[in-house]
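Sequences listed follow chains A and B, in order. Residue numbers for the first sequence follow my numbering, beginning at 107 and rising by one. Residue numbers for the second sequence follow my numbering, beginning at -18 and rising by one.
Derived from the structure by calculation, the hints contain no laboratory data. One should not assume that every hint holds.
[Stated by the list, open to error] Pairwise CB distance ranges, derived in the manner of DEER restraints: (1) B:D47 with A:L220: 40 to 50 angstroms; (2) A:D163 with B:E(-14): 26 to 36 angstroms; (3) B:P62 with A:S164: 34 to 44 angstroms; (4) A:P160 with B:Q12: 21 to 31 angstroms; (5) A:P176 with B:D(-12): 37 to 47 angstroms; (6) B:L(-8) with A:P160: 32 to 42 angstroms.
[Said to hold, decoys possible] Below are the DSSO-like pairs computed for lysine-lysine, each with C-alpha atoms no more than 27 angstroms apart in a straight line: (7) B:K37 with B:K79; (8) B:K48 with A:K208; (9) B:K79 with B:K23; (10) B:K79 with B:K51; (11) A:K184 with A:K208; (12) A:K208 with B:K23; (13) A:K174 with A:K130; (14) A:K184 with B:K23; (15) A:K130 with A:K184; (16) B:K37 with A:K208; (17) A:K208 with B:K(-17); (18) B:K37 with B:K(-17); (19) B:K23 with A:K174; (20) B:K23 with A:K130; (21) A:K130 with A:K208; (22) A:K174 with A:K184; (23) A:K184 with B:K79; (24) A:K174 with B:K79; (25) B:K(-17) with B:K48; (26) A:K130 with B:K79; (27) B:K79 with B:K48; (28) B:K51 with B:K(-17); (29) B:K51 with A:K208; (30) A:K208 with A:K174; (31) B:K79 with B:K(-17); (32) B:K37 with B:K48; (33) B:K37 with B:K51; (34) B:K79 with A:K208; (35) B:K23 with B:K37.
[Unchecked claim] Computed list of chain A residues with no C-beta within reach of chain B, every gap over 12 angstroms: (36) E117; (37) V118; (38) R170; (39) F180; (40) P190.
Cβ atoms here follow ideal geometry from the backbone N, Cα and C, with glycine treated the same way.
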Amino acid sequence: DAGVIQSPRHEVTEMGQEVTLRCKPISGHNSLFWYRQTMMRGLELLIYFNNNVPIDDSGMPEDRFSAKMPNASFSTLKIQPSEPRDSAVYFCASSPGGLGEKLFFGSGTQLSVL
Amino acid sequence: QKEVEQDPGPLSVPEGAIVSLNCTYSNSAFQYFMWYRQYSRKGPELLMYTYSSGNKEDGRFTAQVDKSSKYISLFIRDSQPSDSATYLCAFSGGSNYKLTFGKGTLLTVNP
Chain A
107 DAGVIQSPRH EVTEMGQEVT LRCKPISGHN SLFWYRQTMM RGLELLIYFN
157 NNVPIDDSGM PEDRFSAKMP NASFSTLKIQ PSEPRDSAVY FCASSPGGLG
207 EKLFFGSGTQ LSVL
Chain B
-18 QKEVEQDPGP LSVPEGAIVS LNCTYSNSAF QYFMWYRQYS RKGPELLMYT
32 YSSGNKEDGR FTAQVDKSSK YISLFIRDSQ PSDSATYLCA FSGGSNYKLT
82 FGKGTLLTVN P
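Could you put together the complete structure from these sequences and hints?
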């Protein structure tokens, strides 16, 4: 298996633009997580899906952030409009079970909002 | 008091040294204890996973948990340059899907 695949690897955009990050989880994994990593705050859970259903989005910072999982093999995280403080590395992770102990992370998307 | 505290380092050691990485936590509900390793420009990968107090060994790596002191450690024996990475401790409350991560310790092993 190729692991969790994220795209793009790098995204540079201007404030106010829409940003869409993409994730393909490991086949057979039924849990998907979006995390954000910054130096100041470390890794923060944004949203958790189980069997394609959003279970907990309490970590989504604002209404500007939204996430979807239309099927078991694809998820998106959208920021609209983007702001400089959204600059961070965004990770998608999947897990074979409903518990988050053993996560498999993608390589992340480095987002820079100018 | 922060829920998880981890010394950010950086920690620099010579090849072959024994490395000790540590985290303290305050949440008594944590039942699962993990260490993730994160190479530069990569996502974290699970390195060690345990749920009981005591030691768990895997090759050159030993994870130690002291629930009474709310303290976990990761020891790396005979450290190698390939061990250079950021090490993050992580905790889970069992049935809770949320992991709580430390901010990570940056380790450099010099040849």
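Going through the hints against the structure:
1. In this structure, D47 of chain B and L220 of chain A meet the distance hint of 40 to 50 angstroms, their C-beta atoms being roughly 46 angstroms apart.
2. The hinted range of 26 to 36 angstroms is satisfied by D163 of chain A and E(-14) of chain B, whose Cβ atoms lie roughly 27 angstroms apart.
3. For P62 of chain B and S164 of chain A, the hinted distance range of 34 to 44 angstroms is satisfied, since their beta carbons lie about 40 angstroms from each other.
4. At roughly 25 angstroms, the beta-carbon separation of P160 of chain A and Q12 of chain B lies within the given 21 to 31 angstroms, and the hint holds.
5. Taking 37 to 47 angstroms as the suggested C-beta distance range, the pair P176 of chain A and D(-12) of chain B conforms, at roughly 42 angstroms.
6. Remark: the range hint 32 to 42 angstroms for L(-8) of chain B to P160 of chain A is upheld by a beta-carbon distance near 38 angstroms.
7. For the hint pairing K37 of chain B with K79 of chain B, the CA-to-CA distance comes to about 23 angstroms; that is within 27 angstroms, so the pair holds.
8. Pair hint K48 of chain B plus K208 of chain A holds up; C-alpha atoms about 20 angstroms apart against a cutoff of 27 angstroms.
9. Note on K79 of chain B and K23 of chain B: the hinted pairing holds, with a Cα-Cα distance of about 21 angstroms set against a maximum of 27 angstroms.
10. About 19 angstroms separates the Cα atoms of K79 of chain B and K51 of chain B, which keeps this hinted pair within 27 angstroms; it holds.
11. For the hint pairing K184 of chain A with K208 of chain A, the CA-to-CA distance comes to about 25 angstroms; that is within 27 angstroms, so the pair holds.
12. About 17 angstroms separates the Cα atoms of K208 of chain A and K23 of chain B, which keeps this hinted pair within 27 angstroms; it holds.
13. At most 27 angstroms may separate the alpha-carbon atoms for a hinted pair to count; K174 of chain A and K130 of chain A meet this at roughly 12 angstroms.
14. For the proposed pair K184 of chain A and K23 of chain B, the alpha carbon gap of about 21 angstroms is at most 27 angstroms, so the pair holds.
15. A threshold of 27 angstroms between alpha carbons decides the hint, and for K130 of chain A with K184 of chain A the separation of about 15 angstroms falls inside it, so the pair holds.
16. About 17 angstroms separates the Cα atoms of K37 of chain B and K208 of chain A, which keeps this hinted pair within 27 angstroms; it holds.
17. With a CA separation close to 23 angstroms, the supplied pair K208 of chain A and K(-17) of chain B stays within the 27 angstroms bound.
18. This hinted pair checks out: K37 of chain B and K(-17) of chain B have alpha carbons roughly 26 angstroms apart, not beyond 27 angstroms.
19. With a C-alpha separation of about 24 angstroms, the suggested pairing of K23 of chain B with K174 of chain A holds against the 27 angstroms cut-off.
20. Restraint check for K23 of chain B and K130 of chain A: satisfied, since their Cα atoms lie roughly 16 angstroms apart, inside the 27 angstroms limit.
21. Annotation: proposed proximity of K130 of chain A to K208 of chain A holds, straight-line Cα distance about 17 angstroms (limit 27 angstroms).
22. Taken as a hint, the K174 of chain A and K184 of chain A pair is honoured in the structure, with Cα atoms around 9 angstroms apart against an allowance of 27 angstroms.
23. A distance of roughly 22 angstroms separates the Cα atoms of K184 of chain A and K79 of chain B; the hinted pair therefore holds under the 27 angstroms criterion.
24. Simply put, K174 of chain A and K79 of chain B have alpha-carbon atoms about 19 angstroms apart, close enough for the 27 angstroms limit, and the pair holds.
25. A C-alpha spacing of about 17 angstroms is found between K(-17) of chain B and K48 of chain B, which places the hinted pair at or below 27 angstroms, so the restraint holds.
26. With a CA separation close to 20 angstroms, the supplied pair K130 of chain A and K79 of chain B stays within the 27 angstroms bound.
27. A C-alpha spacing of about 19 angstroms is found between K79 of chain B and K48 of chain B, which places the hinted pair at or below 27 angstroms, so the restraint holds.
28. A C-alpha spacing of about 13 angstroms is found between K51 of chain B and K(-17) of chain B, which places the hinted pair at or below 27 angstroms, so the restraint holds.
29. Using a Cα cut-off of 27 angstroms, the hinted pair K51 of chain B and K208 of chain A holds, with the two alpha carbons roughly 21 angstroms apart.
30. Between K208 of chain A and K174 of chain A, the direct Cα distance comes to roughly 22 angstroms. Compliance with the 27 angstroms bound is thereby established for this hinted pair.
31. For the given pair, K79 of chain B sits about 16 angstroms from K(-17) of chain B by alpha-carbon distance, which is consistent with the 27 angstroms threshold.
32. For the suggested pair K37 of chain B and K48 of chain B, the alpha carbons sit about 14 angstroms apart, so the restraint of at most 27 angstroms is met.
33. Only pairs whose Cα atoms come within 27 angstroms are accepted, and K37 of chain B paired with K51 of chain B is accepted, the gap being roughly 16 angstroms.
34. As the CA atoms of K79 of chain B and K208 of chain A are separated by approximately 11 angstroms, the hinted pair is consistent with the 27 angstroms bound.
35. Only pairs whose Cα atoms come within 27 angstroms are accepted, and K23 of chain B paired with K37 of chain B is accepted, the gap being roughly 26 angstroms.
36. At roughly 14 angstroms from the closest C-beta of chain B, the C-beta of E117 of chain A stays outside 12 angstroms, upholding its exclusion from the interface.
37. The Cβ of V118 of chain A lies farther than 12 angstroms from every Cβ of chain B, with a closest approach of about 16 angstroms, so its non-interface assignment holds.
38. Even its closest Cβ contact with chain B, about 22 angstroms, leaves R170 of chain A beyond 12 angstroms, as expected for a residue assigned away from the interface.
39. The Cβ of F180 of chain A lies farther than 12 angstroms from every Cβ of chain B, with a closest approach of about 18 angstroms, so its non-interface assignment holds.
40. At the 12 angstroms boundary, the C-beta of P190 of chain A stays outside the reach of chain B, the nearest C-beta of that chain being 21 angstroms off.
Every hint from the earlier list agrees with this structure, and none is contradicted.
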